[in-house]
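Undergrad: Sequence:
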Amino acid sequence: MKYAIVFPGQGSQSLGMLSDLNDNFSIVKDTFTEASDALGFDLWALTQEDQEALNQTQNTQPAMLAAGYATYKVLTSQSDLSPVCMAGHSLGEYTALVASGALGFSDAIKLVRTRAQLMQSAVPEGVGAMAAILGLDDEVVVKVCHDYAGEGIVQAVNFNSNGQVVIAGNKAAVDATCEAMKAAGAKRAVVLPVSVPSHCSLMDDAAGEFKHAVDALDFNMGGVDVLHNVDAAKATDVNDMKAKLVAQLHKPVLWTGTVKAMHAMGVEKLIEAGPGKVLAGLTRRIEKSLSANAVLDSAHVAATLEEIK
Numbered sequence: 002m003k004y005a006i007v008f009p010g011q012g013s014q015s016l017g018m019l020s021d022l023n024d025n026f027s028i029v030k031d032t033f034t035e036a037s038d039a040l041g042f043d044l045w046a047l048t049q050e051d052q053e054a055l056n057q058t059q060n061t062q063p064a065m066l067a068a069g070y071a072t073y074k075v076l077t078s079q080s081d082l083s084p085v086c087m088a089g090h091s092l093g094e095y096t097a098l099v100a101s102g103a104l105g106f107s108d109a110i111k112l113v114r115t116r117a118q119l120m121q122s123a124v125p126e127g128v129g130a131m132a133a134i135l136g137l138d139d140e141v142v143v144k145v146c147h148d149y150a151g152e153g154i155v156q157a158v159n160f161n162s163n164g165q166v167v168i169a170g171n172k173a174a175v176d177a178t179c180e181a182m183k184a185a186g187a188k189r190a191v192v193l194p195v196s197v198p199s200h201c202s203l204m205d206d207a208a209g210e211f212k213h214a215v216d217a218l219d220f221n222m223g224g225v226d227v228l229h230n231v232d233a234a235k236a237t238d239v240n241d242m243k244a245k246l247v248a249q250l251h252k253p254v255l256w257t258g259t260v261k262a263m264h265a266m267g268v269e270k271l272i273e274a275g276p277g278k279v280l281a282g283l284t285r286r287i288e289k290s291l292s293a294n295a296v297l298d299s300a301h302v303a304a305t306l307e308e309i310k
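Quick note: the sequence shown uses our numbering, first residue 2, plus one each step.
If you're looking for bench data, these hints aren't it; they were derived computationally from the structure. Careful, some of the hints might be misleading.
Stated by the list, open to error - Pair by pair, the computed Cβ-Cβ distance ranges are:
| # | residue 1 | residue 2 | range |
| --- | --- | --- | --- |
| 1 | Q57 | K30 | 14 to 24 Å |
| 2 | E180 | E308 | 40 to 50 Å |
| 3 | N25 | G282 | 17 to 27 Å |
| 4 | Q118 | E308 | 15 to 25 Å |
Unchecked claim - Once the Cα atoms are required to be at most 25 Å apart in a straight line, the calculated DSS-like pairs of lysine-lysine come out as:
| # | residue 1 | residue 2 |
| --- | --- | --- |
| 5 | K74 | K3 |
| 6 | K183 | K212 |
| 7 | K261 | K3 |
| 8 | K289 | K188 |
| 9 | K3 | K289 |
| 10 | K278 | K30 |
| 11 | K144 | K188 |
| 12 | K74 | K278 |
| 13 | K188 | K172 |
Note that beta-carbon positions come from the ideal geometry of N, C-alpha and C, so glycine has one too.
Work out the full structure: start from the sequences and follow the hints.
TA: The following block contains the structure:
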């Protein structure tokens with residue numbers, strides 16, 4: 002069976018995540034110890050004991066990277082994996098790059114914490130917002146955002162599946178556009194519980210600063226192709242890879258296009274490595290012929306590896 006490995010992003014975190022895998026596979030503890038050493042605090046304890054701290058962007062991003070990579074390491078400890086490609090949603094793209102061998106884990110942990118801090122500082126608390134628009138075609142969501150004529154900006158930023166697009170921008174603009182989306186026929190327009198309006202032009206300045214952090218690190222092309230969020234395509238070289246990571250901070254996530262690109266590469270199954278099952282749930286909405294497994298515990302590890310033999 003041809004399969005791809007995908008990694009979730011911010012929003013899939015939960016208190017106590019990976020507790021079962023940690024009980025059954027020592028590689029989980031080892032991975033979080035390495036992450037904690039890079040950060041200077043106990044990241045595992047934070048994920049198990051402090052919901053408020055876990056939900057703070059500067060902690061969520063390294064925690065999700067460590068959790069996704071630890072899950073991937075569990076899989077590789079039990080079987081020789083040969084994925085067609087990898088990808089990750091937003092923050093998950095960094096996990097994919099680490100798993101592919103394109104970026105060192107400790108470097109990535111520090112990089113995503115810097116990313117999170119720049120994102121949080123770019124827009125003061127309460128100024129930005131994001132909302133999920135359900136039941137409208139992508140083109141309609143883009144047009145309604147484009148037609149907004151009030152103060153501030155609002156843009157379509159996450160194309161997650163057919164009929165599910167996330168918008169982001171200034172809070173007042175997002176609120177007004179949610180009402181316009183309902184008038185245009187949206188089934189729902191749900192403001193999301195986040196403090197940072199990711200992937201929109203409010204992150205332009207943060208992206209400029211983030212470029213310095215990305216450029217300071219050593220990347221390579223890795224051993225497995227990674228499809229990037231900004232264009233649903235693999236990088237042509239290291240400089241292109243770095244440019245795509247910087248662009249991702251203030252450009253839309255093309256997840257629908259990424260899954261369709263995987264399907265075009267012959268992928269039959271997506272394996273979601275990391276907490277939650279958001280990406281697995283989106284898969285069949287994008288391409289009905291694809292199946293997906295979320296690896297949530299040791300039972301899922303065994304079942305998933307048996308399926309892809």
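Undergrad: All hints, please: hold or fail.
TA: How the hints compare with the structure:
1. Q57 / K30: 14 to 24 Å: holds, 23 Å
2. E180 / E308: 40 to 50 Å: For E308 against E180, whose Cβ atoms are near 44 Å apart, the range 40 to 50 Å holds.
3. N25 / G282: 17 to 27 Å: holds, 25 Å
4. Q118 / E308: 15 to 25 Å: violated, 39 Å
5. K74 / K3: holds, 19 Å
6. K183 / K212: With a Cα-Cα distance of about 37 Å, the restraint between K183 and K212 is violated, given a limit of 25 Å.
7. K261 / K3: holds, 14 Å
8. K289 / K188: Within the cut-off at roughly 22 Å; holds.
9. K3 / K289: holds, 16 Å
10. K278 / K30: holds, 22 Å
11. K144 / K188: holds, 17 Å
12. K74 / K278: holds, 18 Å
13. K188 / K172: holds, 21 Å
When each numbered hint is compared with the structure, violations occur for hints 4 and 6.
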